[in-house]
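Given chain A, work out where chain B should sit, using these hints.
Taken in order, these protein sequences are the chains called A and B. With the numbering used here applied, the first sequence covers 1 to 553. With the numbering used here applied, the second sequence covers 1 to 553.
Please keep in mind that the hints were generated in silico from the structure rather than gathered at the bench. Cβ atoms here follow ideal geometry from the backbone N, Cα and C, with glycine treated the same way. Don't take every hint at face value.
What the hints assert, rightly or not - Cβ pair distances, simulated, as ranges:
1. B/105 with A/47: 34 to 44 Å
2. B/199 with A/472: 35 to 45 Å
3. A/262 with B/545: 21 to 31 Å
4. A/288 with B/199: 30 to 40 Å
5. A/276 with B/90: 40 to 50 Å
6. A/14 with B/199: 31 to 41 Å
7. B/274 with A/41: 46 to 56 Å
8. A/456 with B/354: 49 to 59 Å
9. B/449 with A/426: 46 to 56 Å
There are 2 protein chains.
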Amino acid sequence: MTSGTETQRPARITFDTSPDQYKHWKLEVDAPVARLTMAVQENEPHRPGYELKLNSYDLGVDIELRDAIERLRFEHPEVRAVVVTGGLDRVFCAGANIHMLSSSTHAFKVNFCKFTNETRLGIEDASEGSGQKFLAALNGTCAGGGYELALACDEILLIDDGNSAVSLPETPLLAVLPGTGGLTRLVDKRKVRRDLADIFCTTAEGVKGNRAKKWGLVDHVAPRSKFEEVVQKRAAELAASSPGKASEGITLTPLDRTIEEDSIVYPNVSVEIDREERVAKLTVRGPQGDQPTDADGIRQLGAAWWPIQAFRELDDALLHLRINEPEIGLVLLKTEGELDKVVAMDGVLEGLKDDWFVGEVRLLIGRVLRRLDLTAKSFFALLEPGSCFGGTLFEMAMAADRSYMLDDPDNPVELALTAMNAGAYQMSQGASRMETRYLGTPEKVGELLGDLRSYDPADAEDEGLVTVVADDIDYEEEVRIAIEERVSMSPDALTGMEANLRFPGAENCDSKIFGRLTAWQNWIFQRPNAVGEKGALTMYGKPERPVFDIRRT
Amino acid sequence: MTSGTETQRPARITFDTSPDQYKHWKLEVDAPVARLTMAVQENEPHRPGYELKLNSYDLGVDIELRDAIERLRFEHPEVRAVVVTGGLDRVFCAGANIHMLSSSTHAFKVNFCKFTNETRLGIEDASEGSGQKFLAALNGTCAGGGYELALACDEILLIDDGNSAVSLPETPLLAVLPGTGGLTRLVDKRKVRRDLADIFCTTAEGVKGNRAKKWGLVDHVAPRSKFEEVVQKRAAELAASSPGKASEGITLTPLDRTIEEDSIVYPNVSVEIDREERVAKLTVRGPQGDQPTDADGIRQLGAAWWPIQAFRELDDALLHLRINEPEIGLVLLKTEGELDKVVAMDGVLEGLKDDWFVGEVRLLIGRVLRRLDLTAKSFFALLEPGSCFGGTLFEMAMAADRSYMLDDPDNPVELALTAMNAGAYQMSQGASRMETRYLGTPEKVGELLGDLRSYDPADAEDEGLVTVVADDIDYEEEVRIAIEERVSMSPDALTGMEANLRFPGAENCDSKIFGRLTAWQNWIFQRPNAVGEKGALTMYGKPERPVFDIRRT
Chain A
1 MTSGTETQRP
11 ARITFDTSPD
21 QYKHWKLEVD
31 APVARLTMAV
41 QENEPHRPGY
51 ELKLNSYDLG
61 VDIELRDAIE
71 RLRFEHPEVR
81 AVVVTGGLDR
91 VFCAGANIHM
101 LSSSTHAFKV
111 NFCKFTNETR
121 LGIEDASEGS
131 GQKFLAALNG
141 TCAGGGYELA
151 LACDEILLID
161 DGNSAVSLPE
171 TPLLAVLPGT
181 GGLTRLVDKR
191 KVRRDLADIF
201 CTTAEGVKGN
211 RAKKWGLVDH
221 VAPRSKFEEV
231 VQKRAAELAA
241 SSPGKASEGI
251 TLTPLDRTIE
261 EDSIVYPNVS
271 VEIDREERVA
281 KLTVRGPQGD
291 QPTDADGIRQ
301 LGAAWWPIQA
311 FRELDDALLH
321 LRINEPEIGL
331 VLLKTEGELD
341 KVVAMDGVLE
351 GLKDDWFVGE
361 VRLLIGRVLR
371 RLDLTAKSFF
381 ALLEPGSCFG
391 GTLFEMAMAA
401 DRSYMLDDPD
411 NPVELALTAM
421 NAGAYQMSQG
431 ASRMETRYLG
441 TPEKVGELLG
451 DLRSYDPADA
461 EDEGLVTVVA
471 DDIDYEEEVR
481 IAIEERVSMS
491 PDALTGMEAN
501 LRFPGAENCD
511 SKIFGRLTAW
521 QNWIFQRPNA
531 VGEKGALTMY
541 GKPERPVFDI
551 RRT
Chain B
1 MTSGTETQRP
11 ARITFDTSPD
21 QYKHWKLEVD
31 APVARLTMAV
41 QENEPHRPGY
51 ELKLNSYDLG
61 VDIELRDAIE
71 RLRFEHPEVR
81 AVVVTGGLDR
91 VFCAGANIHM
101 LSSSTHAFKV
111 NFCKFTNETR
121 LGIEDASEGS
131 GQKFLAALNG
141 TCAGGGYELA
151 LACDEILLID
161 DGNSAVSLPE
171 TPLLAVLPGT
181 GGLTRLVDKR
191 KVRRDLADIF
201 CTTAEGVKGN
211 RAKKWGLVDH
221 VAPRSKFEEV
231 VQKRAAELAA
241 SSPGKASEGI
251 TLTPLDRTIE
261 EDSIVYPNVS
271 VEIDREERVA
281 KLTVRGPQGD
291 QPTDADGIRQ
301 LGAAWWPIQA
311 FRELDDALLH
321 LRINEPEIGL
331 VLLKTEGELD
341 KVVAMDGVLE
351 GLKDDWFVGE
361 VRLLIGRVLR
371 RLDLTAKSFF
381 ALLEPGSCFG
391 GTLFEMAMAA
401 DRSYMLDDPD
411 NPVELALTAM
421 NAGAYQMSQG
431 ASRMETRYLG
441 TPEKVGELLG
451 DLRSYDPADA
461 EDEGLVTVVA
471 DDIDYEEEVR
481 IAIEERVSMS
491 PDALTGMEAN
501 LRFPGAENCD
511 SKIFGRLTAW
521 QNWIFQRPNA
531 VGEKGALTMY
541 GKPERPVFDI
551 RRT
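Looking at chain A on its own, in the form it has when it is part of the complex:
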């Protein structure tokens, strides 16, 4: 089953920015409170063709938001509360830009939604993990994705001016879902009663004032005259509720990256693209040379410390593969370096976990690994001579759909478990990758983690730590065939299969956003009632009404 849709690759999208380059957001720090103000420039869309009216957003706006949230955590640990508000008069945010959405390909819509979902989960992760509490200060209209952003915050304050409402008008106006977490957070996080949620989500004009508070859609309302006062009071209270961790941060320096036609190279990560095979080889290099073992030494390195540098690079590489390399179906995960050094680094990550910066780096690694879990490409981990799949890096192998380990006495390979496999990096459903791997034999988790050590191929196979162990005669052939078969299958079927097999066991609000909500939204994003010639998304803003196929499916 081969194929051959010839497509011209669009211009590369990159995800780097910094506050001095922001076009749409303003970040002000007045510790312990910071303020993130959204004032989207209408005439600065991420690609030409639409205007970002009424604080509507596109990928460009969200790239800045993600940057701001990451910087608050690393550069401003003294910040304990973040006010997210709108910089336009009587408008908080009108949600994702509809003309952008209706003019986007299906694949772009899906990728855009996934990135915005991850960014909003990043807000919740900052609240839970870093103790930076978020207050959505809704200074005016808050619709669709605007309200979904508010839902990601710890508290929502709505101005009570007789006019400003919160709303999720996606279903009645656009025939799609509030898919950036909206439906899930409404009933799962805020626990709004499902029948009230039904009315809310089908009422385009939304709900205002005290009714919004009564239904649990917002936490506070305040008249215009008192709004700023209440914002400051609640922000101060949120900040006071979260004990300070540090007074000085580290600077997130720009990534050192060389992009060429078929490769991306960073100091610790490299991606090589084989377009013929439709395969990317992603290699993470382990720590080299002497590494600091105390907090001061680590702080001196800052963003150049191996764990943060390598995983920021990995994060960037994953985003690049997702959005710029749609034709790559399979990523081979490799590592290169000294296993001992990786294990030693994990010792530092575990030993200094109470240091705020080390703690932040651990949380960052967790987010990047979750980005890997949620990437719609197949991953095979290759454990080969010279690799260093220990602890933190072994999480990559467990995140992969399969792992292959070479068993060659002349070229020995080992992997290692460390304390960092014991729950430091949770998957989005709240379980560790060890717990997920051994769902059927949970006693194995305690057994393996109770005796942290390295494993040779036979040993790794016995304990079920890798999928396939093959000797030097078979390894190359077996991997080659597995690769060829994988890329020959339907990309869509693989995406759906992986989205199911990767997440066995319990679910939570986060995983339901990607499992239940996103899957339904993707279905709807394919339906003519939304995206057809007369569909509601297509017809939005035009004088005629959409025309629906009235049949229920």
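Relative to chain A, chain B alone:
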């Protein structure tokens, strides 16, 4: 937003059958063991156009299976173990018929999968609720939906003849998912390690013999010479493990039903279709006259006892609405009768719950209510004068997306809670409808269930038992507008929205089948790589290979 795709309604599909009419299954009872043998007649497809080769199945085959499972529970409570096996030589079941699938509309595919999913969940419900244990005796090849049927059984025995394998070839061969619970049951129920599951689900030829056992894909293997002996031994052991409940069942008599162009009328349930409005009115009549209060009296009535008769009728009506009335977007749920009699009936359902037949009826009601939860139509419950929304019938109001209650002193309406709201009828995610309704205020559940009583409109509104209470001046207008708005919206967006809002909170294997797995499958069922002109489902069996758009989404 109106519409008007004019479509001719296809011939009505009905779901009634009985063992003497079976074409594809044979049901033999030799208590305490029963045997269900699949021997699909090639030339008896449910609609013309394809042949049911190699024990492949279609809706007609599954309608018989569902009937057999229901009859085993009610007519043969003496059965403690059920052997499910294949009646063809060296073939257990080749799965859902591919030519049937590829020639079906998207809507039919979705409805077919939902029904087969519910039937397989019925097997698990019979095992858990009725203690009838299922042994899948795989006498030969077991592919796709065939293996998904086996996965629904308590144990799987595979013949070890060097040839027969279990397989899920949907992804590699057809570019779709094993969507009838396959992916979910593999990793969630059987807890097969996710990387082994990845290999299994991408290997079209499947896995045989001891390897299948080692991976946890089957529980036992036996050579051909010993196969029947092991079947009988395991069936006897399963039967012995499940204590007997009764020696004699009741007969599931045919439903008394009158179908006309725009209505279906049963003794206790009626459906009236308003095609102009695209609304159905579904009315359940409460028990009338004197009702038995002891096990003997109930047993004498058998299938004519109100609870089983009414809910069998409701089940049939729901299936009819789903599959034969795609243009009906909204169902108004009404009840008619005396609230006191409904409450008294619930007293009997609770008081005699240890009686096997009453227990079976409770489980049946639970399945029917879950079918309602999972129906892709909007439901509004209308609590109006003459209604009798008490206990069991009030579950329908809680299952609805919204409920409206008239507050008119001249025409008083009441609802009632009973012990039957305290968990007797669980939703598919394992929570009661009360727990789901009050997810944000769980203390309310105990409070309300600790003081079982009836509620007038003001009281019901205060306690959050209904969505909207309106007085006689506003009620009619408010309901009319709500109905008009609802049917004006995109059917697809509403389906997706309801699938999210109806299931807040935790998930389990059952709910993940409908939430995560089904949603992804429906997306894939829309993708050109599966169903396009050159898609794998379309091209199956043709000489050319499918052509894929290689881009990953």
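Taking the hints in turn, this is what the structure says about them:
1. Distance hint for residue 105 of chain B and residue 47 of chain A: a CB-CB separation of about 36 Å, consistent with the stated range 34 to 44 Å.
2. Between residue 199 of chain B and residue 472 of chain A the Cβ separation comes to about 21 Å, which falls outside the hinted range of 35 to 45 Å.
3. The beta-carbon spacing between residue 262 of chain A and residue 545 of chain B, approximately 28 Å, falls within the hinted interval of 21 to 31 Å.
4. For residue 288 of chain A and residue 199 of chain B, the Cβ-Cβ distance of about 35 Å falls inside the hinted range of 30 to 40 Å, so the restraint holds.
5. Distance hint check for residue 276 of chain A and residue 90 of chain B: the Cβ-Cβ separation is about 42 Å, which falls inside the suggested range of 40 to 50 Å.
6. Checked against the given bound of 31 to 41 Å, the beta carbons of residue 14 of chain A and residue 199 of chain B, roughly 36 Å apart, stay inside it.
7. Against the hinted window of 46 to 56 Å, the Cβ-Cβ separation of residue 274 of chain B and residue 41 of chain A comes to about 50 Å, which satisfies the hint.
8. Range check, residue 456 of chain A to residue 354 of chain B: Cβ separation about 58 Å, and the 49 to 59 Å hint holds.
9. A beta carbon spacing of about 35 Å between residue 449 of chain B and residue 426 of chain A contradicts the range 46 to 56 Å that was offered as a hint.
This entry does not satisfy hints 2, 9, going by the numbered hints stated previously.
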